[in-house]
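Each chain, letter by letter, is given below.
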Amino acid sequence: GAVVSQHPSRVICKSGTSVKIECRSLDFQATTMFWYRQFPKQSLMLMATSNEGSKATYEQGVEKDKFLINHASLTLSTLTVTSAHPEDSSFYICSAREAGGAGGGAEQYFGPGTRLTVT
Amino acid sequence: KQEVTQIPAALSVPEGENLVLNCSFTDSAIYNLQWFRQDPGKGLTSLLLIQSSQREQTSGRLNASLDKSSGRSTLYIAASQPGDSATYLCAVRISGSRLTFGEGTQLTVNP
Chain A
1 GAVVSQHPSR VICKSGTSVK IECRSLDFQA TTMFWYRQFP KQSLMLMATS NEGSKATYEQ
61 GVEKDKFLIN HASLTLSTLT VTSAHPEDSS FYICSAREAG GAGGGAEQYF GPGTRLTVT
Chain B
1 KQEVTQIPAA LSVPEGENLV LNCSFTDSAI YNLQWFRQDP GKGLTSLLLI QSSQREQTSG
61 RLNASLDKSS GRSTLYIAAS QPGDSATYLC AVRISGSRLT FGEGTQLTVN P
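So the sequence lines, in the order shown, correspond to chains A and B.
Position 100 of the first sequence, counting from 1, maps to 100 under my numbering, and the rest follow consecutively.
Position 50 of the second sequence, counting from 1, maps to 50 under my numbering, and the rest follow consecutively.
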């Protein structure tokens, strides 16, 4: 299957600083990318959906000024956590999907995740 | 609002056993359904994708079925192995872009 990479895999930062996480689709063009957050022993929570060249669509309750998403190319999306606080500590997972797909919808591929710890 | 439920929440079986994981969803107007596997501290690995027009998909020891009318999908794992131990997530895609995930089934295969 297709590969989605994320960088960094782990990051520790101090409260008040900003952190950028990169998500890349390595062997396909991702017209749509997604950012999820996952708390321990819980399922994934969708934060936002972005289409290449457009502004991201944020889910209810997700602060767009805090979680800045850029999807400037068909293979790269970035999530910047601004002015991070300890409660932002979580596992962030990106996902990518190319357009189309036989019969209804393309398969969605996930990155390996980024563990963010804010001290 | 689409809701996805997975039963059981956890399952422990001896190696070699065949097993079935269940997924149900409330809105049958889906585009597709995906089964994923997640190992601790890792991202998701896509196992099988079933389009709304399909009834089942197979990959190796895995077989997933889809019954849209009843809002159900099953993931059948044959001859389970310790390496199959992971959390299995099902997710459905309805109109628009988003996937709606179930809470997952945590599978442990004991050697």
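Hints may be right or wrong, so weigh each one.
Computed list of lysine to any residue pairs in SDA-like fashion (alpha-carbon distance at most 20 Å, straight line) [claimed, not checked]: (1) A/Lys-55 <-> A/Lys-41; (2) B/Lys-1 <-> A/Val-62; (3) B/Lys-42 <-> A/Val-11.
What follows is a set of in silico ranges between Cβ atoms, one per label pair, in the way DEER data are often shown [stated by the list, open to error]: (4) B/Thr-26 <-> A/Met-45: 14 to 22 Å; (5) B/Glu-15 <-> A/Leu-68: 33 to 41 Å; (6) A/Pro-86 <-> B/Arg-72: 39 to 47 Å; (7) B/Leu-11 <-> A/Glu-63: 13 to 21 Å.
Treat the hints as calculated values from the structure; they're not laboratory data.
Where a beta carbon is used, it is the ideal one built from N, C-alpha and C, also for glycine.
Okay, the hints, checked on the actual structure:
| no. | hint | verdict |
| --- | --- | --- |
| 1 | A/Lys-55 <-> A/Lys-41 | violated, 31 Å |
| 2 | B/Lys-1 <-> A/Val-62 | holds, 19 Å |
| 3 | B/Lys-42 <-> A/Val-11 | holds, 15 Å |
| 4 | B/Thr-26 <-> A/Met-45: 14 to 22 Å | holds, 19 Å |
| 5 | B/Glu-15 <-> A/Leu-68: 33 to 41 Å | violated, 47 Å |
| 6 | A/Pro-86 <-> B/Arg-72: 39 to 47 Å | holds, 41 Å |
| 7 | B/Leu-11 <-> A/Glu-63: 13 to 21 Å | violated, 37 Å |
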